[in-house]
Amino acid sequence: MTIDWESYETNGFYDDMMIGPGRPREEARTVARYLASLGTEEIRSRQQAAETAIEEMGITFTVYSDGGNIDRAWPFDIIPRIIAAAEWERTEAGLRQRLRALNLFIGDVYAEQRIVKDGVFPGELLANSKSFRPQCIGIPPPHGAWAHICGSDLIRDHRGDFYVLEDNLRVPSGVSYMLENRLLTKRVFGELFAESSVLPVADYPNQLFDMLGSISPRPGDFPEVVVLTPGIYNSAYFEHCFLAQQMGAELVEGSDLVVGDDDCVYMRMIDGLQRIDVIYRRIDDLFLDPEAFNPESSLGVPGLMRAWRKATVGLANAPGAGVADDKVVYAFVPKIIRYYLGEDPILPNVPTHVCLYEDERRYVLEHLDQLVVKPANESGGYGMLIGPTASAAERAEFACRIAADPRNYIAQPLVKLSTVPTVVEDRVEPRHVDLRPFILQGERMYVTPGGLTRVALRRGSTVVNSSQGGGSKDTWVMEGPR
Amino acid sequence: MLARVAERVYWMGRYIERAESTARLVNAYTTQMMDLPKAAEHGWKGLVDIVGANPAFDASYTTYDEKSTTAFLIADADHPGSILSSLAMARENVRTARDVLPTEAWACANELYLHARTHAGEAIGRKHRFSFLNAVIFRCQQITGLLAGTMSRDAAYEFVRIGRNLERADMTTRIIDSAAFILLPRKATPGEYDNILWVNVLKSLSAYQMYRRHVRNRLVADEVIRYLLKDRVFPRAVAHTLAEGREGLASLRHNGGPLLSLARAQARTDAADVAALSLDGLHRLIDEVQADLGDLHRQIAATWFARERPVQVQAQSA
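Residue numbers (our numbering), protein chains in the order written: chain A, 28 to 509; chain B, 17 to 334.
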């Protein structure tokens, strides 16, 4: 048997590979033809080979559960997701624009708050934001960059237009899987790379290192960069190791670091203490420094905020950057872009109702069965209501929650996420996907070509989170045939 | 390098070596038991005696039969000294020190552990035991070889090497002790199987061939013990492992305490006159050398791994 593209139904969704039955998109034609030439038996055996490679390479993520932490093999589907280069160019410009504006916003929030004074952004949202850090007021980080590493989640609607679903500005993860996915595809579909021009992603660790170096307090010297991990039990530990290794940086835990009397940060080496310049921290703000934040935290480094405020060490992302990683702030990003840059947003938001406003709240409560409701400060797909599929009781419960704490909720229409052909047993079927590109901002900016595609493996599902049964795909930004 | 990472790679060196030497030990012991079917009844206890884990064994098993003792040493996930547990710990230590080790080391340690987790249970039966144990030995050596062939001779490498040699010294002294316990009392009137037993002692340390080439003498108890304790060129002889450890320590800074401790162990093995020692005397000597090794470990930990605040690391037993 072979893959029968003639019977591949897109069901009214935008499919990244197929326009309709038997009609591949121009940029995907080579890949579709190649896949059809393999036969389903061959595809299944290559999927199997990829899974074996994942186990051998130890590509895992950790799931928290009652029975302890489980290391699961990274779920990967071998059929790549293809995006036309021209489409990507525009998207990339939109991502740069967005992060520039968000960094200006964060800087303003911790300085004069012009945007509030000018009546563009409601001050009350800052007053009770869970991620606003008074400790950051008045600090000007190098290059005006607060969110140095941003992972924005993009989706495509039924027309194929890209929308931003959320911006992850705290400690976004997933980039190591993007890199490993490419290595896996090269192993599994090596032949395809000979005839296709796929934009390479492997430069990310170098770009990350250069960006981190650019925020060193001792410019000129070779910067001592470290990756600060909460430790082996963190779900992204694999990634922390991976990035440290790829950058040639030390992977440190809080207990490896100490802040000296000179307010500089040192790491404990076998020969004694050694000063460090930049910390790529993968620990949440509140655990960073027990002196400044949660005194119970044993993950962080006492005095770290003191050092950062005195600019003896660079922190990426800067503390407090999470203030812009809030689903209510998200609703204002188009306005934020216009305010700081005087430009029209290149990438649109998904239309968002802010429950803080009474009229919008009323609309949300009346249309709960058509909307997706999200709390402002959760991630990983937790604490959401998917109105159209929820029970009446669940909707009633959410109505209560919204009424009790309106500032904490937003609602959006259910977007018909695009699909990509995915291996399902011995067939290929469409499955819904999203996309997380990674954007860096230090002295310069960088955007990964493509990003991490996450795929909902259950038929009809739109939940792509790996902690909830999602998988992933390699993402190819490709020139069409010439 | 980071003190914490130094500790992890040191333990990785120890656990890889522990898995390999335990595999050798069980392998040789099984072969020996096949030669001595009549002794087999009581003989399996010796296996647990050598590793000195009798209390742990008694807590989970009732009889020292073949099935229980081999299960205990090969596949018991609750016994920290089993091959399976050693490989799990080696893997954890590689995992937490991945940034200083070659990428392939992680892949090898991970695959080896996955292999053991799947197949260790089958190795309790004789049918698959040799192939499993040989695979473990082979793959541990693969890791050792990989590190030797790809790592710069920096501090990370030296800590692996020190860990490996300390562990080797530990296993060799244990094997000498247990063999002496059985065989020395019969020195004057050797039994008909005693030669076979000494051959197996050597084989359990992969020392038989080298012994034959380097010791022209007849195969007798004193010579075997002298060889395993004092030979300077055989890699598993105590004197050699100590010399290796010394070289490793010499390249690190602040090494005074550990070097002193190591010198004490070296002096003790060098001074021992094996032929003149009574069984008790030998046993005491081995006890003292083991205590020296324990002290050396503590010196190393205090010099290079110590930090003011404790970290949550898995319990690691020396």
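Hints in this document: simulated from the structure, not taken from any laboratory. Since the model is a prediction, treat every value here as computed from it, not as a measurement. Heads up, some of the hints might be wrong.
Here's a subset of chain A near chain B, in silico, CB distances under 10 Å, partners left out [stated by the list, open to error]: (1) C268; (2) Q272; (3) G275; (4) M294.
The following residues of chain B were derived to be distant from chain A, with all beta-carbon distances above 12 Å [stated by the list, open to error]: (5) G141; (6) F146; (7) A164; (8) A172; (9) V236; (10) L275.
Backbone N, C-alpha and C define an ideal beta-carbon position, used for all residues, glycine too.
Cross-check of the supplied hints:
With 10 Å as the threshold, the beta carbon of A:C268 comes within range of chain B, its nearest partner Cβ sitting at about 5 Å, so the hint holds. Hint status for A:Q272 relative to chain B: holds, with the closest Cβ pair at about 5 Å, below 10 Å. With 10 Å as the threshold, the beta carbon of A:G275 comes within range of chain B, its nearest partner Cβ sitting at about 8 Å, so the hint holds. The criterion of a C-beta within 10 Å of any C-beta in chain B is met by A:M294, whose closest approach is roughly 6 Å, and the hint holds.
B:G141, annotated as away from the interface, keeps every beta carbon of chain A farther than 12 Å; the closest lies near 26 Å. With a cut of 12 Å on Cβ distances, B:F146 stays outside the contact zone with chain A, its closest approach being about 25 Å. No beta-carbon of chain A comes within 12 Å of the beta-carbon of B:A164; the shortest separation is about 20 Å. Its beta-carbon lying about 10 Å from the closest one in chain A, B:A172 breaks the requirement of being farther than 12 Å from that chain.
A cut-off of 12 Å between C-beta atoms confirms that B:V236 is not in contact with chain A; the least separation is 45 Å. Every CB of chain A is more than 12 Å from the CB of B:L275 (nearest about 15 Å), matching its label as outside the interface.
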